[in-house]
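**Q** Sequence:
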Amino acid sequence: MTVNRFDGERFEEVSSIGHGETEASVKVRRDDSWEEIWPSVQPTGPDGEWELSVSDDFDQGTLDTDLWGINAGSDVDAFDDDAVTDPRLVTVADGTLTLTVESDGTGTDGVSQGVVSTYPGDEDYHATTGFATGNEPGVYVETRAKLAGPRNGLLPAFWMNGIEVGGWPPEIDIYELFMATDSPTTTRTDHSGHWATTEKPGDYEDAIGIGYQHDHGDDVTNEYHVYGAAWFRDRIEFYIDGSLTGTLDLLPMLNTMNDPDRSEMYLKFTTHVNRVGTADLDTSWTEETEIDYVRVWEFAGTPSNQPTPPSYTTLDTFTDGSIDGGWTDPNDGWRIDDNYANSGSHPLTNTANRDPIGWEGSPDFSPGITGTRLEYDFAFSDRAANRLNVRFGATGANDTQSYRLDILEDAVFLFETNDWDAISHDSSYRHGRNFAFHTAQIEFTEHNIRYEIRSPTGELLATDALYHTEGFGGGVPVFECEEGQVWIDEVRIAST
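If you read the sequence shown in this note's numbering, its first letter stands for residue 379, the second for the next number, and so on.
FYI, nobody ran anything at the bench for these hints, they're computed from the structure. As the structure is a computational prediction, the values presented were derived from the model and not from experiment. Be a bit skeptical, because a hint or two may be false.
Pairwise CB distance ranges (calculated) [stated by the list, open to error]:
(1) 611 <-> 443: 52 to 62 Å
(2) 425 <-> 582: 44 to 54 Å
(3) 419 <-> 469: 21 to 31 Å
(4) 787 <-> 593: 39 to 49 Å
(5) 713 <-> 742: 23 to 33 Å
(6) 814 <-> 596: 47 to 57 Å
(7) 601 <-> 458: 21 to 31 Å
(8) 797 <-> 656: 19 to 29 Å
(9) 800 <-> 639: 33 to 43 Å
(10) 742 <-> 835: 29 to 39 Å
Built from N, CA and C at the ideal position, the CB exists for glycine as well.
Go ahead and model the full structure; you've got the sequences and the hints to work with.
**A** Given below as structure tokens:
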């Protein structure tokens, strides 16, 4: 819409480039030049004062090639993808950016997708100027979109990662829709962060990720939703339709994200083909992601402090020579060591009789969307093979949503105990029989598990993070010694 406005001295032509009831910006033409004005448009999600820095409502009828390029980043095509990029499949009309993915029925040589990103560069497929978030915390990115699908093998995503070659990780996935079956679930989207276990940006060999799933209650391939992610120094928040639905505040992730040497991050929309599932490429088909707008704000309020560790409640230190009443030891198999390794300390100990001891006191180890963490200091004997198991989740070992973390001298396993499926296995872990106390941490939210094991000096020895779509139940962690002899010096729980 274009109108004439009198500013007291002359008429100005004012062109709205906003969307719906809220204008993202206006352009004012004085004489022969246009001046763009950004009013105080605030995001639908996070509170606080924000300044709008980028807005595209796709109302101009063509793609703004100053902001967007038809590519997946420094290269044209997306990594590890059967679909090549085709500019023909990127269209703008009626205020909507449409990204099409299609198969012509001739197999992997005949599948293409429309991809856009704000990656700048000199190639024809790059954005002329582009956009990057910078590497100072305080950024909120938002889009309104209807996702491609439903179809096995498709993975539509809106994400951010390093603008420099070798700048991954970190990464923020504002949304992903995993479709890996012939009847994919299209009511749940994934939202996650990726980092390096070494906490060094660009260390892709040690990359890891964690996130959560959100159930929309409707089909996101049929309905528009507003997806947003806010990166602060001490957390990443995810918003759906203006409501906070998940928070990630893992220190290793934040340390990677907040590293001053981290590459700036650009935005991109992709629809991966056969990264998950198996799409039928012997049949002709098309699917579309429709994007209503993209906006980016910078935080104008007081910056958050550096991330701080969660506050733990110590369940027991065993220093008084007794076991706290919150523990249940049905077989009386655990005891207090009077003089551990001649050190004068009094940890809890057991030998390989597999007697369980569980914490049923307060606080419990129940999951929540913001996370609960169990931490324990443990040591192995120097006389035999050793193995410490900790079961958590549902109450019974044969129940679904019951898990067990097994730490051996030379491996770490995470099992689902109802079928004893090892959902995580690290054979590079080395503990040693040195009586030194290591620290293990288990964190789980409504749909995720993460564990880490650190040496007595704090070195990270093993870690993994996994989605689990079934959720969790229960709140009683159960310890047992399966082999050798183990000692437990202190047990702590924190709700984050």
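**Q** If a hint holds in the structure, say so; if it doesn't, say that too.
**A** A quick look at each hint next to the structure:
1. Our hint of 52 to 62 Å for residue 611 and residue 443 is violated, since their Cβ atoms are close to 34 Å apart.
2. Our hint of 44 to 54 Å for residue 425 and residue 582 is violated, since their Cβ atoms are close to 35 Å apart.
3. For the hinted restraint 21 to 31 Å between residue 419 and residue 469, the CB-CB distance of approximately 26 Å keeps it satisfied.
4. For residue 787 and residue 593, the Cβ-Cβ distance of about 41 Å falls inside the hinted range of 39 to 49 Å, so the restraint holds.
5. The given range of 23 to 33 Å is respected by residue 713 and residue 742, whose C-beta atoms sit roughly 24 Å from each other.
6. Between residue 814 and residue 596, the C-beta spacing of about 53 Å keeps the proposed range 47 to 57 Å intact.
7. For the pair residue 601 and residue 458, the supplied restraint of 21 to 31 Å holds, since their beta-carbon distance comes to about 29 Å.
8. Between residue 797 and residue 656, the C-beta spacing of about 24 Å keeps the proposed range 19 to 29 Å intact.
9. Residue 800 and residue 639 have their C-beta atoms about 36 Å apart, which keeps the hinted 33 to 43 Å range intact.
10. A C-beta distance of roughly 31 Å is found between residue 742 and residue 835, which places it inside the suggested range of 29 to 39 Å.
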